[in-house]
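Visitor: Could you put the whole structure together from the sequences, leaning on the hints where they help?
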Amino acid sequence: MSIKILLKDIPDYHKIEVYRQHGGYEVIRKALQKSPDEIIEEVKKSGLRGRGGACFPTGLKWSFMPKDKNIPKFLCINGDESEPGSFKDRQIFEFNPHQLIEGILISAYAIGAQTCYIYIRGEYVKWIRLMQKALDDAYEAGFVGEKMKETFGTDFYTNIYIHRGAGAYICGEESALMNSIEGKRGYPRVKPPFPAQCGLWGYPTTINNVETIANIPPIIENGGEWFASIGEPKHPGTLLFGVSGHVNKPGVYELPTGTLLTDIIYKYAGGVPGNKKIKCIIPGGTSMPPIRGDQIEGLKMDAESLKEVGSAIGTGGIIVMDEDTDLVKVLARITKFYWHESCGQCTPCREGTGWMLKILNRILDGNGTSKDLDLLIDVANNIEGHTICALGDAAAWPVKYMIERFRDEFEARVKRSIKIDIPNKVHSMRRTQIPLTEIKIDFQ
Amino acid sequence: MKMETTVEIQFTDQELQKIENLKSRYLKPDSVILEVLYLLQEKYGYISREGMKYAADLLGMTEEQVLGVVTFYSMFNTKPIGKYHLQVCTNVSCMLRGAYDLLKKLEAELKIKKGETTPDGLFTISEVECLGSCGTAPTIQINEDYYEDLNEEKLVQIISELKNK
Ligand SMILES: Cc1cc2nc3c(=O)[nH]c(=O)nc-3n(C[C@H](O)[C@H](O)[C@H](O)COP(=O)(O)O)c2cc1C
Ligand code: SF4
Ligand code: FES
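Just so you know, the protein sequences line up as chains A and B, in that order.
Throughout, the numbering used here is defined as the position within the first sequence, counted from one, plus 3.
Throughout, the numbering used here is defined as the position within the second sequence, counted from one, plus 1479.
Please note that the accuracy of each hint is not assured.
If you want a taste of the chain A side facing chain B, the calculated C-beta under 7 Å gives, among others [as the list claims (entries may be wrong)]:
#1 S247
#2 P253
#3 A315
In case anyone wonders, no lab produced these hints; they're calculated from the structure.
These numbers come from a predicted model, not from an experiment.
We put the CB at the ideal spot given by N, CA and C, even for glycine.
Guide: Structural data, given as structure tokens:
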């Protein structure tokens, strides 16, 4: 079964005239005939869950927005796309920008937002230009902004602006994203209050991922039930799976949720070069716990199935590593990323990521001991759940689960520990005279 | 040693108008700070202390606030850099497909280390985080453009083309 909701095989679909030829901007017209609550109900019925990583039900999120018509409300579209291994939202910017714009219009109407910002990572200059072109065309055609009143004959209208980031992974975290739009350092905020109560400039705000919102027009056009019937019932729809690393045909594949991971890798992404075995897979961007190559047989790619194997679907960015991959190197590189991107507000995250990196580098240099592995897990456990935002967890999980799931490989890289019994726990051995015979070497 | 010449920071009327227009999109002018900083960087090559002061005055922010923003984001340079900024992604997907070899090749080819600029002021090498281009790894960003699916030959070719431009 091949169902394409987001990346259709229609040439030039990114052009407004082609999009319109295929019924584009007619769904917003239809949506404006319904009440905002009816739209929210339809989205709830569809079972759509957020594609930004946390899988939160979209309709439910929208229902948290206050109904008061007299206060400003905002919608932020998260196109920060900085999770390593993720490169899907840019496909929408490039190949289906108008469906995203139409989705934004419908969503804004549902939550009553008069202003929407599409936050796009600063490096995506090309995709910002493509998106801006689409937006200009939509404005000119009267589908966005004040002209909407005339075009659709209703009171509702909304403006959409692109906001360019400037290189900071943390700005993908929703509250950091709002601080960034406000012109501040991109520090995540303490929650509660949640954005629906207190968001941009203190006003109610909803933040949704690009892919999430691009799903809205087909849901409103074909009905929630139609969408709910695609893929896995608890996590319906298609996903843009980005496959990278050791595969013959890396790229983005739109497939229903619940597609077998082995099908994605072997049928679509062309298998592993040299027919090598798979050692490790990161299933949804580097923040998600890695899984072993021998865990993937029969594994379906959806939120619930991945939970069962102790991981998560995240952004659907699948990184494949063959049998010759040095996982210590991979883990050190992942940890370097989180260390570099930590905003520094919380001590466990700011210090912990640095410690983990130092220890991993020590192991890479051949100076680690097996105690270091437990120390790493200990540090990771002390970060997890003890921070303002989920970057802390994202840094802890790969360390914890990579070591747990590939303990043999890590053990092989560290020296067996040397246990030295020192009375009174002195920290420096300079002045202690311990007879050599008392130093016990413990080969565990 | 080359002296850093102080240039007077001043936007043209057209640029100021652009900033004014952008301000109308937000509830407060501070939101435009990233755009102002991009403009400064584009015009003057990097963001100097004078540039930060100019931005602060323009938006009614304090210099400290602007400094805080400039230093938070990786895309702003507070020192002059080469004409071509070679930003090599070495995150996992690129690393698995040879990014560190590319970085080494680049360092050998240009005889500088990452973080340095060639004496002729043409190239600066930086190691950067995932560029969102993992499906076409390894990827290097040169100024605004992405160069994807790279290998050593392609890279050497690109560098020699840039040198002769
Ligand atoms: C450190 C961090 C980085 C994040 N980066 C992104 C991102 O680049 N894009 C994104 O859509 N969501 C990102 N998120 C998730 C957002 O906070 C938020 O949950 C999401 O945008 C909500 O949209 P959704 O409900 O449609 O998924 C990130 C979260 C964290 C903790
Ligand atoms: S967990 Fe890390 S990134 Fe998140 S707020 Fe704390 S220090 Fe910043
Ligand atoms: S890892 Fe290099 S672009 Fe994503």
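Visitor: For every hint, state whether the structure bears it out.
Guide: Okay, the hints, checked on the actual structure:
no., hint, verdict
1, S247, "holds, 4 Å"
2, P253, "holds, 4 Å"
3, A315, "violated, 17 Å"
Comparing the model with each earlier hint shows a violation of hint 3 alone; every other hint is respected.
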